[in-house]
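Trainee: Residue numbers (my numbering), protein chains in the order written: chain Y, 1 to 412; chain P, 1 to 412; chain S, 1 to 412; chain U, 1 to 112; chain D, 1 to 112; chain F, 1 to 112.
Check each hint, because a few of them may be wrong.
A partial selection of chain Y residues facing chain S, derived with a Cβ cut-off under 10 Å [unchecked claim]: (1) A7; (2) L15; (3) S67; (4) V70; (5) S74; (6) G77; (7) H196; (8) A197; (9) L198; (10) G264; (11) K304.
Just so you know, these hints were derived from the structure itself, not from any lab.
Model, not experiment: these values are computed from the prediction.
We put the CB at the ideal spot given by N, CA and C, even for glycine.
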Amino acid sequence: MDTGDTAWVLASCALVLFMTPGLAFFYGGMVRSKNLLAMLMQNFFAMGLISVIWVLVGFSLAFGPGSGLVGDLSFGGLADIANADFGFASPLTIPALAFVAFQMMFAIITPALITGATADRLKFGGWVAFLGLWSVLVYSPVAHWVFSPHGWLFKRGALDFAGGTVVHINAGIAALVLILVIGKRKGWPKEAMPPHALPWTLIGTGILWFGWFGFNAGSALGANATAATAFMTTNTAAAAAMLSWLAVEKLKSGHATTLGGASGAVAGLVAITPCAGFVNPMAALAIGLIAGVLCFLACQLKFKFGFDDSLDVIAVHLVGGITGSILLGVFANEAFGGLIGGGGSSLLGKQALAVGATIVYSGVVSFILAKIVDKTIGLRVAEDDEASGLDLSQHAESAYAAGEFGSMGRVG
Amino acid sequence: MDTGDTAWVLASCALVLFMTPGLAFFYGGMVRSKNLLAMLMQNFFAMGLISVIWVLVGFSLAFGPGSGLVGDLSFGGLADIANADFGFASPLTIPALAFVAFQMMFAIITPALITGATADRLKFGGWVAFLGLWSVLVYSPVAHWVFSPHGWLFKRGALDFAGGTVVHINAGIAALVLILVIGKRKGWPKEAMPPHALPWTLIGTGILWFGWFGFNAGSALGANATAATAFMTTNTAAAAAMLSWLAVEKLKSGHATTLGGASGAVAGLVAITPCAGFVNPMAALAIGLIAGVLCFLACQLKFKFGFDDSLDVIAVHLVGGITGSILLGVFANEAFGGLIGGGGSSLLGKQALAVGATIVYSGVVSFILAKIVDKTIGLRVAEDDEASGLDLSQHAESAYAAGEFGSMGRVG
Amino acid sequence: MDTGDTAWVLASCALVLFMTPGLAFFYGGMVRSKNLLAMLMQNFFAMGLISVIWVLVGFSLAFGPGSGLVGDLSFGGLADIANADFGFASPLTIPALAFVAFQMMFAIITPALITGATADRLKFGGWVAFLGLWSVLVYSPVAHWVFSPHGWLFKRGALDFAGGTVVHINAGIAALVLILVIGKRKGWPKEAMPPHALPWTLIGTGILWFGWFGFNAGSALGANATAATAFMTTNTAAAAAMLSWLAVEKLKSGHATTLGGASGAVAGLVAITPCAGFVNPMAALAIGLIAGVLCFLACQLKFKFGFDDSLDVIAVHLVGGITGSILLGVFANEAFGGLIGGGGSSLLGKQALAVGATIVYSGVVSFILAKIVDKTIGLRVAEDDEASGLDLSQHAESAYAAGEFGSMGRVG
Amino acid sequence: MKLVTAIIKPFKVDDVKEALRALGVQGMTVSEVQGFGRQRGHTEVYRGAEYTVDFVPKVKVEVVTDDADAAGIVDAIVNAARTDKIGDGKVWLTTVENIVRIRTGEMGHDAL
Amino acid sequence: MKLVTAIIKPFKVDDVKEALRALGVQGMTVSEVQGFGRQRGHTEVYRGAEYTVDFVPKVKVEVVTDDADAAGIVDAIVNAARTDKIGDGKVWLTTVENIVRIRTGEMGHDAL
Amino acid sequence: MKLVTAIIKPFKVDDVKEALRALGVQGMTVSEVQGFGRQRGHTEVYRGAEYTVDFVPKVKVEVVTDDADAAGIVDAIVNAARTDKIGDGKVWLTTVENIVRIRTGEMGHDAL
Ligand SMILES: Nc1ncnc2c1ncn2[C@@H]1O[C@H](COP(=O)(O)OP(=O)(O)O)[C@@H](O)[C@H]1O
Ligand SMILES: Nc1ncnc2c1ncn2[C@@H]1O[C@H](COP(=O)(O)OP(=O)(O)O)[C@@H](O)[C@H]1O
Ligand SMILES: Nc1ncnc2c1ncn2[C@@H]1O[C@H](COP(=O)(O)OP(=O)(O)O)[C@@H](O)[C@H]1O
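The shape of chain Y in the complex, shown without the other chains (with noise of 0.2 Å):
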């Protein structure tokens, strides 16, 4: 046990968890006003919900022995896991409990990144019962098979430092099976439906940014070189994948925005995840530089294709990922075996492997659990609901209240 380490791994651990209100205004400052508050709501109840499913069975699933494709109960409840074994060649350095929570920050933020692909539309019953199933049945096997050392793999020597796979490929596919489900929102896309008010997307992009310190340099469990150099190359990263983007979007459409400038950063951090302990922050230089140009080209794709991306989570985070992932395999340092160390295209081969299994194994059963909710709880709203907002029809409220006037009474 290290008190250094610890007290890396748990500052971490709250930084990842600030997270998700970071990702729940980034997300609302881009919605239309009447469906703010159910954006934040989305976001938050990940909170709720999967802090209580991780205790229960959530990191057993991803973190007990069990087979390479899953792990088991063993762990359920949390019960005396504090001399628990997870089976990782160099003991763990920090409590138990502190290694359970960190994973558990990951867990809650992944599903909600989904909720940028839907919004507007989605219905909150709906969402309730997704994002249950699909922490259990998809979060926690695919975090099990890269994170856990039992995992298949993980056995096979892919690499994902901080999530790449795990968090923003899984995220991104199911992104996309879900809007394809629900479909587009109504008026979309010949009604324009600009941010209603950008500001939340800033400052939920500077939580991103400071968080995500925690989310790549914490992956490396512990107060030391490789935390360091998560850390550089994290922030090398969203600061190229930043000035990319801004200067695709200028040549493009004449103004480099602030939109584009946060959101080029969010698309560097998320390629970066997989690399960061991995990488050097020149490697990190070029994979934020290709990341954003990448995706601000793929935003483009959803009108071209006529799906309606709301806020473009696939473009991002599943085109993000995927690119990290992949160029894992050529920008690795030589003791990991990428292409430039010399270490040849081994290592592209198994972070395609990853990619391919991820993509089809989330993608197949965020589909099955979409159809069943949708069919039974339903997951999208009404059209009256949508027109009138998703704040006043799914939870009553109003995020902005009506002019200063008394135009309220109250009844019960």
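Once you have looked at the hints, place chains P, S, U, D and F with the ligands on chain Y.
Mentor: Just chains P, S, U, D and F with the ligands now, with coordinates in the frame of chain Y:
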């Protein structure tokens, strides 16, 4: 001296300081827009006044040897405190000033909690006076009782991991006393006073949840297994209370609201505060579920009894704090003598004593102070000032500038 | 290598990075709504551009051996920097990249401070150019002088714990030069330009106060007693300055305002920056009280002399930075040779030299750079663009979407 | 027909609404406006600099009605909105040639 | 000349604007208003306490026009704004004595 | 009596207010509106997708006045609001049958 412990406590100090701005916005979103800045100011001002008082006398009165009832002035001004002995069985592994800073953050946020009850009508000058007097005459003594090894409740073996009595019950009862002294808002409850902008409340909730990890896990005063436990139980209780609050709310009013989710989370955080390091995750789950239900139901009392606890400080902090402090007697781990741990009811008795003593002392002294300030400076604004709003009448500012058109001209 | 020290420095890196979004909102709330996004963008963009420059050459120019005046390119690209020696008497106990990252955050926020002075009229393209040039030609050299053991001021024994000269005076004088080059806002001071939404300013204040603990206490580069001292002095000075600013404000204008409380806190944080680890809490109290008064009075100068320092960067950062840097000569602890510590006036002399050198060098070079950029790309927007607002003219965005009714149609 | 336009204090909207309902008025349209008049504005202070705001928030109420009911509506508004303090506002009357209910195309009295 | 005033549902603004453009109308002024009428408001819930909101967001459209075009404009608005659901709104007509274009000082028809 | 209604550019409100004060006008009511006309709107870009905004922010100024003063008020507004650029706006005149001061019940001229 342990660098890892120091790193975690310093990080926790920063996290807890950040909770006060978080609280300011949690409350600020719920008031009417004409009173937003005043609410923010009442909280931020506590960061200014209490910090200075703490350096001069506050810390010394709380942690100086003194008697069992209150400390002395031996640490006044914090002069050569570096090697001071605060009387803990095992000496601190962190610098004395790190301990001073950590405790200071608790002294700041405790009175700030009160401002939610007195929203929309508190006179700034009166608040300044009450705040300073209360911190010296109520907070420091009660903190001494419970947190200082010299305190009588500490010696009795009453447990309070991070401030169920010192922080939440203490502030909650003071809030009740204060609203009895200043009375209801004009128009309440006939006139509706809905939250003017819940997004502020949600960002405040995110900051509070984030900061609470420093509050509770930091109270381990080191980066160790106890801190990790407190971290997990804190998050688990917040999550469970969010779910149970939303469940009863849905049953009672037909909707699961965003404000409900946020309020439930805070209720859970309040309830787990005294228990954090003494219980396991499953117990935290139970405590959270119970707190969410009780605090929701308590929110309805003000309409029944007609006291205007504007933002439900009593329902959340007093009720939540009592819930947690008493349930600790039930759920404390074996080592700490909880009922289910087979420790019998003796701990329950000590907890009840601590709760009762805090309510009586804080209630009485807070009442006397409130009366004195009200009769001299005044604690409530004039009717016209309340109508035009506290922002204009108390601070000569507007939270949101009047329309874009230049309706102003600089004078002085 | 110490894990505890590393944990604290990494946490501090994250905290300081978070300050730049905090600053963006601190400023953003004070501008008119048509210029909000531009203000946010000018700050967030610094996170992008400076981060990349820092990796390529910035760090190396600041901390490479080089001469006493500027570093060299030996650390360019941060290649194999792991075991580099930066020349400190006692070797760092943290990974080299953690030190690089920590210093980077200072390089980011320093030029960002300038944007408050040039609010509402700065041309984005010109800012991009100025920002990059200034970071390389002004920030890195001045950082080298004071923070690098190879720097001439460092060798002379001038003290600057966390950047009074390098950060605040440096940015403050550059701000003064910049506004002399670009001139006043159209309509200033006749036309009133009140803050459009102070809640943004308050949330920024909370983030700044929170992050400043990393800025100052992190500058101890370890989790030790010096860090704890810096933490307490930082908070104490912020608090004291808030109180003294509010006191003079109340006397002069009859009200203690929310913006005043926030501004006072920042003034105190600025003034304590150079002193944090060298003084005790009571000295910090004095420094804060003095800074709060001086900075408030300095805010009135712009109306007297007619320079449009829009958000009072000069009054807060230049005046506050000088105040702290000079007072350090008075209040530094015995060990550091402060006047009251019996160290005589020699430290005062060194401090004055550091202040003077920074003002002269930064002032002259900033002026040349501003002139070059203004003559080529242009530093000020066209009159129409200023009237329609920077958000629309520079970024083709609106911070707050026009009314709910669909007044838009997608084109491209 | 007539259009009754009233400028009132914001916190009087509910009272006016209830008064009109009591008269059997089925509909009205209100909006936020800024008023300038005898009632002074206020002063704000930012970093020691004082600003004066000349405009006062008001609410405009518009009711289209039959000629016969106009006078009664004006009286009802005046009584409900009155606080006897400066700034209570005005009520004025203009002529409407015709009104149509969009939903049904009904005109005149039937459109109300 | 005439002033056509319409109270419509917010999401109908674009349709109405296009319909008027099609008629050759060169300008109009719109603003956000709150409507009270047959269309009920909604209920909100905060911490278990229910509130009713009587007012419904509407948009007011104002068009000054020549007498000759007034009828056609009214019809166009009615057709464009109609959803056949309660709350579609009203259109009313008042007389304008004269209108001036600030930029040129032109009056009457030329000012449109 | 007359109601003078003006649609002007937002930054011209103060000039118009002062011009009217100079004429001895004691009160007026202003509100934010969105204008559509010859003056084009603008374009915004979000993640590479362009949007056009047809409406332009304007301010509506309403002044009820005696018949005798109406013409002078119109002229004063036109002169104060003019920038000679497209989008300066309009001023139109309608007839008001009567006006009441809520506070006192005074009517007509005395209510102003
Ligand atoms: N001549 C006017 N034309 C239009 N609106 C007016 C006029 N005079 C006053 N008002 C409106 O009536 C409101 C109240 O008028 P004011 O003179 O302040 O008080 P009072 O009506 O009690 O005399 C003003 O704020 C303004 O909105
Ligand atoms: N008498 C009236 N005067 C002014 N506005 C009215 C009047 N009646 C209705 N309105 C406006 O028209 C809107 C629609 O009226 P409502 O009665 O709800 O539906 P409908 O027009 O379909 O009967 C209302 O919200 C209100 O803004
Ligand atoms: N026919 C009209 N009815 C009502 N308002 C109009 C009309 N025409 C123009 N306006 C208003 O006047 C403003 C200015 O008109 P515009 O044609 O843009 O410029 P100009 O008045 O200089 O010709 C518009 O934004 C709109 O608010």
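Trainee: Decide, hint by hint, whether the structure agrees.
Mentor: A quick look at each hint next to the structure:
no., hint, in the structure
1, A7, "holds, 4 Å"
2, L15, "holds, 7 Å"
3, S67, "violated, 35 Å"
4, V70, "violated, 33 Å"
5, S74, "violated, 30 Å"
6, G77, "violated, 30 Å"
7, H196, "holds, 5 Å"
8, A197, "holds, 6 Å"
9, L198, "holds, 6 Å"
10, G264, "holds, 8 Å"
11, K304, "violated, 12 Å"
Of the numbered hints stated above, those contradicted by the structure are hints 3, 4, 5, 6, 11, listed in ascending order.
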